[in-house]
Amino acid sequence: MTSAAIRLRPRALAPRTLTRLKPADCTATQWSTAQAKASAGNRILAFIENGLHQDAFTNGLYRTCSQHLFAHIAHYNRDGFADVWFTTPDDKADFIRHAVNARSGGDPAATWSDVEQHIQRVLADHPHLQEPSAWTGAARPHDCPSCHCTPQQCN
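Taking this note's numbering, I'd label the letters of the sequence shown as residues 1 to 155.
Hint data in this document are derived by calculation from the structure and do not stem from the laboratory.
Across the chosen pairs, the derived CB separations fall in these ranges:
#, residue 1, residue 2, range
1, Q30, N59, 17 to 27 Å
2, A36, T87, 26 to 36 Å
3, W31, H128, 28 to 38 Å
4, S133, N101, 12 to 22 Å
5, S133, D107, 36 to 46 Å
Once the Cα atoms are required to be at most 25 Å apart in a straight line, the calculated SDA-like pairs of lysine to any residue come out as:
#, residue 1, residue 2
6, K22, A46
7, K22, S113
8, K22, A36
9, K22, D107
10, K22, A102
11, K22, T58
12, K22, T111
13, K22, G106
14, K22, S39
15, K22, F57
16, K22, R11
17, K22, R63
18, K22, R121
19, K22, A124
These figures come from a predicted structure and were not determined experimentally. We put the beta carbon where it would ideally sit given N, CA and C, even for glycine.
Starting from the given sequences, assemble the full structure and let the hints guide the process.
The following block contains the structure:
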């Protein structure tokens, strides 16, 4: 996909709508610095704002989700994870509901609970994201780069 096509994809929210983490908001663990936790959390927030597009789900986002956030499981690999959570508007709404309702606990010096709780607070300010209708315009069920037409119009 070209960079022009990526820019034309529908977004769920305007850029920088979701409040970003600062390293001071995070506690370092034995394995992750506060900066690394904040950066990874911010990449998740940007991914949400950008529409949870399956093809934008990078290996880094996959590692963050499957290893650190909201008790997600790996779903075998990145593609399996993306197929479960980012294929349809219903899947995307389920991803947001799962994040909002996940039990987040533990010592932030040993877990990513600080990142999880920040994401939960930010998403709570946007309850419409828990509805499939919020993601309808952000769905890309076909290869049309503008995503403003139906698959029949693309043929």
